[in-house]
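Novice: Sequence:
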Amino acid sequence: MDFRIESDSIGKKQVPAHAYYGVQTLRAYENFRISDTETHRELIRAMVEIKKAAAITNGRAGVIDKRIADAMVEACDDILSGKYLDNFIIDAIQGGAGTSLNMNANEVVCNRAIEILGGKKGDYSIVHPNDHANCGQSTNDTYPSAGKIATIRLLSKAIEALEVFHDTLKKKAAEFGDVIKMGRTEMQDAVPISFGQSFNAYAAVVERDIKRFKTAIWELSRLNMGGTAIGTAINADKNYVKNIVPTLCEVTGLELTQADDLVDATQNLDCFVHVSGIIKACATTMSKIANDLRLMSSGPRTGFAEINLPAKQNGSSIMPGKINPVIPEVMNQIAFNVIGNDTTITMAVEAGQLELNAFEPVLFYCLFESLDTLTNGINVFTKDCVSGITVNEDICSDEVEKSIGIVTALCPYIGYTKASGIAKRALKEKKSIKEILIEENFGFDDDIGDILDPQKMI
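In this text, residue positions in the sequence shown follow the working numbering: the first is -12, and each later residue adds one.
These are calculated hints, taken from the structure and not from any lab test.
For clarity, every value in this text was computed on a predicted model and none was experimentally measured.
Computed beta-carbon distance windows for the label pairs:
| # | residue 1 | residue 2 | range |
| --- | --- | --- | --- |
| 1 | S(-4) | N311 | 54 to 62 Å |
| 2 | E427 | F323 | 48 to 56 Å |
| 3 | I(-3) | K309 | 53 to 61 Å |
| 4 | E61 | P297 | 46 to 54 Å |
| 5 | D52 | D371 | 50 to 58 Å |
| 6 | E242 | N222 | 21 to 29 Å |
| 7 | G327 | K225 | 41 to 49 Å |
| 8 | S22 | A191 | 31 to 39 Å |
| 9 | A338 | P3 | 34 to 42 Å |
| 10 | K70 | D371 | 34 to 42 Å |
| 11 | P233 | G327 | 37 to 45 Å |
Just so you know, even glycine gets a beta-carbon here, dropped at the ideal spot from N, CA and C.
Input sequences plus hints: build the corresponding full structure.
Specialist: Next up, the structure:
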């Protein structure tokens, strides 16, 4: 392999001649073989968009020569089109508060711009990764801003998945609106409820999750770009500080604003705890729905057997014909992971000291994993499970008829104590509530059918 020699404050080092990254990226690559997971593509995209916006803004402000600014913009466009992504080699978890990724982006943009201007990679006398690509910036404003932009886009994908899931639940509510089953509280028979009511309830909680996600996007849209190292805007041109976020809006197509207090926005990451909590709430919702579906489909001969889930694969290597609720199960596991990630994110935010929080890499690693797995899980849950659910109407009707829970409807007529006695006798003698009422001749035989009509109870 051919090499070029680059140097930094640590010393000189051989860098592969073909590489668009430089010595600082290579050192970080060697230092951080941690998660064996590359930096998330959305974080790279956002970071490169920031570099593009910075080049445009600094060029307009006259801080950087227009030729150099234009070359960096073209380099950024190349990367955003999908080129040179294999040169982003930093592990997702890294020390240095994100400096490794920031310099990785600076070096790739810089070396591509050098080529555009007719030079050779590594000739930083033409375009410099710190003086030009990082002009007016610090890792401490670019990295958290890139993380917020990436999170906004991942939240938007999650919202799309949730909206499809919500619509699917509403369709199921309409499809099974008139089918009645026994409601259960604390896993014991309660009173009748329709599947329409059950699925509408699922849709209602999902709708709240969607609203919370949209609110989270608004909160994440406040960036500390322009604050540089600690929010005081040191080394940044005043025109750059004023215009970097509006320019970034043009580049990203997102509605972003500059934080009112750049010092606060640089050192405090409470918004990520809030967002992670919202994601956790949604994952908890999905897991609860998955639990319900597993229970209602249990059996198929010795359980509830109220609904049928689509059969997706063999359920056992030893028990022939067994089919397991694998899609709800994976939804449960996603929720467990999201809840664990939320704890990590909370600890990372709490661990910041003084003017900076150094622990955003693991925060973003967990946050992006939560959003990716949750979004993918919701898509699978919708397509491969909920959309194909069918109801065993005869079984549900029979269970309602046999249940003692319907005795609740008698309380206004005969009182709680007498109704309780009827329930106990029905259980002991294994008879229906209706049979006991007829035998005990409570004096309203003609009305029994109407009083015990499950449709009236819901």
